[in-house]
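Starting from two chains that each stand alone, build the complex the way the hints lay out.
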Amino acid sequence: MTLIPWLIWTAPLAGAVLTPAFAKIHPGLRNYGAVAFTLVSAIFATLTAFTIAQGDYQVAWISSSIFNVNAGVLVDPLSMFLANIVAWISFLIMVYSLQYMKGEFGLTRYWFFMNLFIGNMLLLVLADNLLLMFFGWEGVGLCSYALIGHFYHDEPEHWVGVPGDTALGVPQAFPPSHAGMKAFVMTRIGDIALLIAIFLIFATAGTFNYGELATKLGQPGSWASVLSGFGLLLPTALLFFGGPIGKSAQFPLQEWLPDAMAGPSSVSALIHAATMVKAGVFLVGRMGPIFYIALLQFNLVTPFFGTIAWIGAFTAFLAATQATVAREIKKVLAYSTVSQIGYMMMALGIAGLSANFIAGYSAGLLQLMSHAIFKASLFLAAGWVIHVTETRFMDQMGGLAKAMRLTSVSMLLAGLSLIGIPPFSGFWTKDSILSSAFQSSQFVFYGIGLATVLLTAFYTTRMLGITFAGKSSDHVNELAEEGKLAHEAGLTMLVPYLALAVASLGLGIFYPFYSGPLTSYIAKALPATLPLGTVPGLTSTEVLLYGASIGMAGVGLVMGYLLYFRRPYTVPTKVGGLRAFLWHRWYLDAINYRVYVSGLTSASRGLYRYIEQGIWDKLSSTVARDVIDYSEASGVLDSRVVDGAVDDVATAGSRLSNLLRRLQSGVTEQYIISFAIGIALLLIYMIFVVGAR
Amino acid sequence: MTFLLIGAIVVPLIGVPVVYGFSLLLKDRAGYVASLLSLVPLAAVLIAGVEGSSSPQRSYNELYSWSPIGTFGLRVDNLSLPILLIISLLVTLIALFSVPYMRQRIGDDPGRYGLYYSLYMLYSLGMIGTVLATNLIEFYLFFEIMLVPSFFLIAEWGYGERDKISLTYFIWTHVGALVLLVGILVTGFLAGTTDMDSVVNNLANPSTVPSLVRLGVVGAMCFGLFVKIAQFGLHAWLPSAYAEAPTPISALLSAAMTGIGGYAIVRIVMTIYPSGFQALSAIFAGWALVTMFYGSAMALVQDDIKKLLAYSSMSQMGYILFGLATFTSFGISGSMFQYISNATAKGILFIAVGAIMLQFRGERSMSKMGGLAGKMPITASAAFIGSLALMGFPSTNGFFSEFLLFQGGFVRATIAFSDYRVIVAILGVVATAFTAGYSLLALRKIFFGPSNGDTANVKEAPWTITVPLIVLSIITVVLGIYPGPIISRFAAIGKAIVGA
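If you read the protein sequences in the order shown, they are chains A and B. Position 579 of the first sequence, counting from 1, maps to 579 under this note's numbering, and the rest follow consecutively. If you want this note's numbering, it's the 1-based position in the second sequence plus 693.
One chain only, chain B, in its complex shape (with noise of 0.2 Å):
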């Protein structure tokens, strides 16, 4: 028995006092203990995906015995592996982002830097947690870990009415993890053990679950996901959240967090109720692309950038879900993917926004710039790649993600045609031009036009922040052009769910 992937976990874990213990001594510059203090997750995961690849089943585990549960098991497979990559590479690099940006935010008092520091490290340890977890229960408790130093981290370093922001933040999330739970304990419950392996196994037959009880469950656990993932209706709390928190964490917020619930529900939902999922499939599908058009139209329309940003995100969740309710390898692959994309695009998008507020005088507003692009030519680089991966733009891994997605859309229209999915399919390739309109738009708004007064002397942001964006611009490039890795991973899930 190695300990390895226990070292994702627990290293966060000890992080937590010891980033607090070096925030007294370096104040802001605690952001680099917590930046190196993450690449051992990183390290962890990629010596765990290496060694997994080689196992007949490509999946790398760890489990350790939790009476009276069950086991407590964390794994590296083809579906958790470049989410894990991509995670603790952003937790990385926003950790690098936070040092200028909250040093501005917090000025100079070391026990608030501490603060800081330490809910990020618990947060981080909530997100890796709850994409290794093996079991429902251990799922779920990632699952609130990651929920409440967030909550905290909206309301002490947020904007605006941060106090009514966070709690409402809070509100609904929790809400949605608690119909979650009460679809794990049923699950649990009809199984026999909350271990996912086990529960699949138990449940195989389809005959032990009453089909009215399978789509209750399977209702309670989407409703739960799709809180987290911001469908429309359930999305109130998402716009402000995301605008108001403090922008690193609004980054990873929009980045790493929200999509996590597009991957419990590949994870959980699908793999444990595929008919289930595929019997409301169709309201789903229509949902998604709600979200998708509601989302894109509500970004169309802002001034504050990062309103915008909080808007796009909620509209790129409806993609994820388009993905799965099309139920087709094609479709996982593509919203598991679309998960990658977003993750890329979002965390160099709300970098950048963090970099013009910081070089800016904190402003949000899009009509009070102009003319950036000489003055910042890094940051209006990475934000013209970042953009254009979310407008799915070949050459970017958002076109690979899309491209993936959306002909899931119209393999299941044509495998047994129906014009409804013929036409939510058309609509969903639609949407995109949405995304092209708010995109572009705010490109101008930011970047071109003529330089004022007030831009004139904006410079160039510092490297903790330039770094962290190249790095992203990079992956988002070589996974537009060499898709490969990612999409063979995703497309073997997809294939052992759909079973075609």
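The shape of chain A in the complex, shown without the other chains (with noise of 0.2 Å):
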């Protein structure tokens, strides 16, 4: 019974490592076996989350006389929530691929890491403490390096950006092993500022299980109280943070994720729906509740939920502003994602500012599961019409509609759920997290969240009417002309993407109904010393709310549809002042290059060629030389004398053994195996004459 759990997150990583044995044998047993073991995954998910009861499901792992950890799955409300949503959403993006990915090249590789990043990605979300959550958190980023650079040989049709484009002197178009890159080595840094925090954390509690690090903060000398006493609890709990911000690209540490959409367009509905930036929504919402108790002893809540929310509302503005004027459908989606994300982490920081705690909390979760539905289907359908219309381009696209007729309708529910409009779910997420800012008088945030429903409204209508109204562009009549008509997706693609868009209608319409069970639910999973407030119903308030926000949406809806629906769309000639500041993500991808990348390595050249060959070299160098000048100069070594005496030995020994007699081919050699043979004749002495003594 207790390996049911362990089967979730087990299932496709056993997926991933036979896969090459199934491309052995089979194309077709490797690609419909790797969506099977997915599947395995999902319904053990919600076999899990019905049958099991709470719990930490545990076996031995590591012991010895320093530190003794288990490896665990913890089954609670949280983990349940998570899982399903990942292993479900993985499913159909994996059915997905089935079609999408036919004729591609590496497809061992590509299924390969698919279910190793599901897999991952669910051990994250099941593993009972930091150790093991951080093998899967980890997994989750190698396999989007590898599958955001899947396409490795950088074919210019796989890169991401406009060519040729700059700023500040910085490319700012890249091939798909440079996004890869990128991805990894900007999400490690955060994640060494939490390896740091977890380091600290265990050093002082010794457990990394997350019931234990909640139990020990009741007990006196708790590991908070020694780490405030060293004035290092908030560092700590920021540090810790800084994984998340990695992970779920928030700023500063966001811009590897617009780039990651080099990879095919399933891996971009994986990373952004289902997997890789919900890891760090998903570990706030973790260690959230324990850090919050652990700060509350010494007053530092206010400044470490304050940070949260603080970073999550600027993302979420700052991303958005960026997706007004992006070019590439999948940037789009990409800038918004992270803006999405933001106001998640905005919730979870506002939970903790808050007196009602749930409140937020469940604001934030919640949304994560709106948004991985309609953003999995966005990016699905976005891939179809990318590999319909050969470019990324969305200005090479438009007058899709009329070809593509569900695609298009697949697109706008899920736009509409994006924007927020009722009654599809991500309007009632969405406003729960206003709602939760307001009624805890955090206007600023309030604001910063309603001015970022404009943006989203006019973003997302700006990325149909472009794609999808008015005429064809001159790309689509070409390809129509070379015969490549525009047409619907088949069976396989198109299910996935419509059944996901038609489910954020559907748990939009029935929203009211499981809402709050669902919240009561997830705060099964919170500890029970933490002051949880109470989630409010339905007042006056709460519908001037929607008003507000039903009306923000519909002013960006409006201002998008008059500029691109009813005008064609053409790509600005000029651009400068503040569309050139947004184009360029505010500059912050050139400002990175600039000072970290660039800084880093002239830093290192200068070291290189000032200390290492200016002293070190050098230094080593000269000693050699003079003793080989001394050795000549003073006929030591003179060539001829050790010739000498090394053809004597080599003549001696020759006699000896007829081995020895094909000892002449040069001198040194004769030199070196004479000397080799001296020091084994020493050691046999040692050995046996004398230790026999």
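What the hints contain is simulated information worked out from the structure, not anything from laboratory work. Even glycine gets a Cβ: it sits at the ideal position worked out from N, Cα and C. Honestly, I wouldn't trust all of these hints.
[Unchecked claim] With a Cα cut of at most 25 Å, we get these calculated DSS-like pairs of lysine-lysine:
1. A/K618 to B/K857
2. A/K524 to A/K216
3. A/K24 to B/K857
4. B/K1138 to B/K1188
5. B/K1000 to A/K618
[What the hints assert, rightly or not] Reference listing, derived: stretches of chain B covered by chain A, where coverage requires no fewer than 3 residues with Cβ under 8 Å from a Cβ of chain A:
6. 721 to 734
7. 740 to 747
8. 861 to 873
9. 1043 to 1053
10. 1098 to 1111
11. 1159 to 1167
Written out as structure tokens, the structure is:
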């Protein structure tokens, strides 16, 4: 019975391990086998949620005289909620891949890393301790690196960005292998902060286990008080948050995500919807309550949760502005993800700032669910659009609604959910975030959130308008003349994204019925000592807030409609001022390259030239040269003397055995071999003659 | 009295002329004989390890009387068992790797093969003997035996200015060894013996040795060993020696030999003079940190892949000292585990580089490579795993070794709080970002990107190279998921030294 929770994350990993073997037998077995393992995982996730009791299902892992760690699967509402979202959406993406990736190169590698990705994500969600979680956490990073760089031959069609575009002299178009590396390195910077925090927690608490960490807080001399005594409690919490900042692409580590769409669209969907970026939100959801209790004793709650809320709010706004000028369809969606995750982080931050912890907390997690569903749908549909039009630029699409009715409907439904139009699920969850900000009197966050609603509505409408409305672009017409008419996707691809779009609508329609029970279910994951508060019901304030956010969304929608549905879109020829600022991502990416990449490289170059080559190399080569000169001058190692001596030895030796007679090929060899034999004899003497005494 | 471990010394010794004889018949294929012979030490150590595990001290000893010096002892215990296993495994695998590599390097001269494999056997004997030794003089002898054949191997089959480079290597490490010898002789004088166990007993009372003398001896021994583990300032011999040695020897130098310096610090310095080492540990921690950063920064700007790996090795040796300098059981066990991780990772990476050089006209410049992943899938996958281990990535043994040694840093910082130790610990973790940087950059330059006209015809390496790569990769991953057997052994050693 206890095996079932383990199968959730081990099934995809087993699938990954078996992929190469399956590939040897038959490609079909490999493809369908990979999908089947994800399905098994999803089924077990649901089965566990409904049939397995809450608890920590452990096995022994590492035992030694200095520390012991068990590996365990933690079954609780938070992990079950996440695991089900991750597993089912991943399954749909895998189904989509069956057709989408047909004929691409490196398929064994693709299926291997996709299953590894899903398995690691589930591991990080289900792990019962920080160490095991970190395995999944880093595994996710590795798989994203491999999958973003899937087309590692860097053909031009797989690049991201506009070729030749530069910001501050830094090229802004990236090949897949660069984008993958960028993702890995940037998230790793956050992971280093996270790792430092884990080290500090373990050094003072002596455990990695979430449950024990929470329990130990209540004891005298707890890890929190020890850390606080060193003045390290708040730094530890903030460093811990560094991991989620990197993984979930929050400011200032957000720049990897827009370029991460160099991978296949199915990979983008997986990264943006089901795995990777959701990991950070999950981890804040997992450790946030524990830090809350830890920080509460020392009046440090506000700086920590305030930081989370500020970073979330700022990122939400920052990325939304960038999305309003993007040319590539997947880049719009990528900026949108950064922005939406910002919302979630803001909600989790507000949870700690308000008296109603559960309001912000559940709002953030429910938004995660809504977003996972509609964003997966958007990316999968966009993948098909890109495939059909053979371009990633929206301005080379246009008027696709006629030929791709179902795809455009699907994107419209998912887009409306992203904008937050009732009754889509995106409306409810985003609104509960805004309401949690308002109700806890965090009006600044409320204001930023509301402004972002407008931007979101605008960029989504813009994307839909440029891609699907109006007339077809010249590029699409050319394709049509070549006989490549835009057409609907096959069922294997269509069903996943259409189903997700419809689910986003359905979950919205029924939201009022299940949101209450679901919130109280999630609340059960929180430690009992946490001041929870109560979930506010439907009040007149709430209705007003609905009105305000619908109004803002409406304004953005109308602006987008007027600008991009009613008029043909042309790429602006002159880019300057605010547009250039937004287009170049507020120059943040270029600054990263300028300051960190170039800075570190030139510093290392300087060290190499002036210290390593200038001092150390010179020193040792001078010594070597002097020794050689000295020996030549003094005749100590005069070649004739040495050679003569060696010759004598070798001649003497060759009389002893036939073997040595063959040692005539070169002077040095004789010297060396006689030396070697000498040492050998010396050793034998020491071991047997001296030793026997 | 059984003659088990002595076989691990005697068989390679007998192997010296035997391999020479075989190479006159078999030429390059004498490498197979060397590889088979090297299985004997592996088996001997394994059996000794199994026998020792059932003993109360978890150690297996073979002692031979060795007057007037004392005893000539060979020991397999918690500390030496994992290290010996990995060394003898590497020796076996790299002998296989030498077969195609040295065929290309030597050509058609049987005598030259004989010489290479004879020196190879002698070199392996030196390393195994150093780790087995229980007597300080015996240790020193093997330590020197390790040096001399490697010097000739570089001088004979190296690249570039190999005479100058091998001489630099010899002078630096020899001077280091002599300073170590001074420390050993003073210790022997103070304790009245050079048998390590008796030395520990005789010097157990701190008052036997004046603290200044103790600091001097620890300083001298550490100086000598720091040359071996190439700490910043004493590292000048390393980059060129590693880069210009024939690649199988680079692999042995980097993966197996250098780290023995770290082993010796634990086995000799920290066991005999724990308080002396502790007194200097704060300085050592900073020194190690400088080495970690400096090595990584140098690696970041190299285009020659072997030079990159050389500087990377220097940086990794910094990790080993970093862990030891925490003077905690976590740190010490982490450092010794780091020896194992570095051995597998560097073994993989140098063999992979050798494979590329072999298949791609001896090319070492990364800017001339690209897109090799599809041409050499096994080499690429192994290099990938090796790099991940280097970066300390979970599911590779590198994660647990770095995890332990950094955890040691934070334990040290929080036992008795010190700002300096906190900062050092944090910076140590930060240094791993550089490792990730240069590793990923190198992987990208070599294996990804478009394949150009030059690389179009590159093929996968022969089995003598892929089998070692696969074996080492499997060990890397298995120890990364299930490190218990290694950690429990080293943890016991760490605890015995620190006493907590």
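Restraint check for A/K524 with A/K216, where alpha carbons must lie at most 25 Å apart: The given pair, whose Cα atoms are some 19 Å apart, holds under the 25 Å limit.
Coverage claim, chain A over the segment 861 to 873 of chain B, checked by counting residues with Cβ within 8 Å (three needed): holds (count 3)
Cβ contact check, 8 Å cutoff: the segment 1159 to 1167 of chain B against chain A, three residues minimum: The restraint on the segment 1159 to 1167 of chain B is violated, since only 0 of its residues have a Cβ under 8 Å from chain A and three are required.
Given pair status - A/K618, B/K1000, alpha carbons within 25 Å: Holds, at about 17 Å.
8 Å C-beta criterion, at least three residues: is the segment 740 to 747 of chain B covered by chain A: The restraint on the segment 740 to 747 of chain B is violated, since only 0 of its residues have a Cβ under 8 Å from chain A and three are required.
Given hint B/K857 paired with A/K618 - CA-CA distance at most 25 Å: holds, 12 Å
Proximity test - 8 Å, beta-carbon atoms, the segment 1043 to 1053 of chain B to chain A, at least three hits: It is violated: at least three residues are needed, and the segment 1043 to 1053 of chain B offers just 0 whose Cβ sits closer than 8 Å to chain A.
Straight-line alpha-carbon gap B/K1138 to B/K1188, limit 25 Å: The hint is violated at about 43 Å.
Cβ contact check, 8 Å cutoff: the segment 1098 to 1111 of chain B against chain A, three residues minimum: holds (count 8)
Given coverage of the segment 721 to 734 of chain B by chain A, checked by CB-CB distance under 8 Å (3 or more): violated (count 0)
Straight-line alpha-carbon gap A/K24 to B/K857, limit 25 Å: violated, 51 Å
Consistency with the previously given hints fails for numbers 3, 4, 6, 7, 9 and 11, ordered from lowest to highest.
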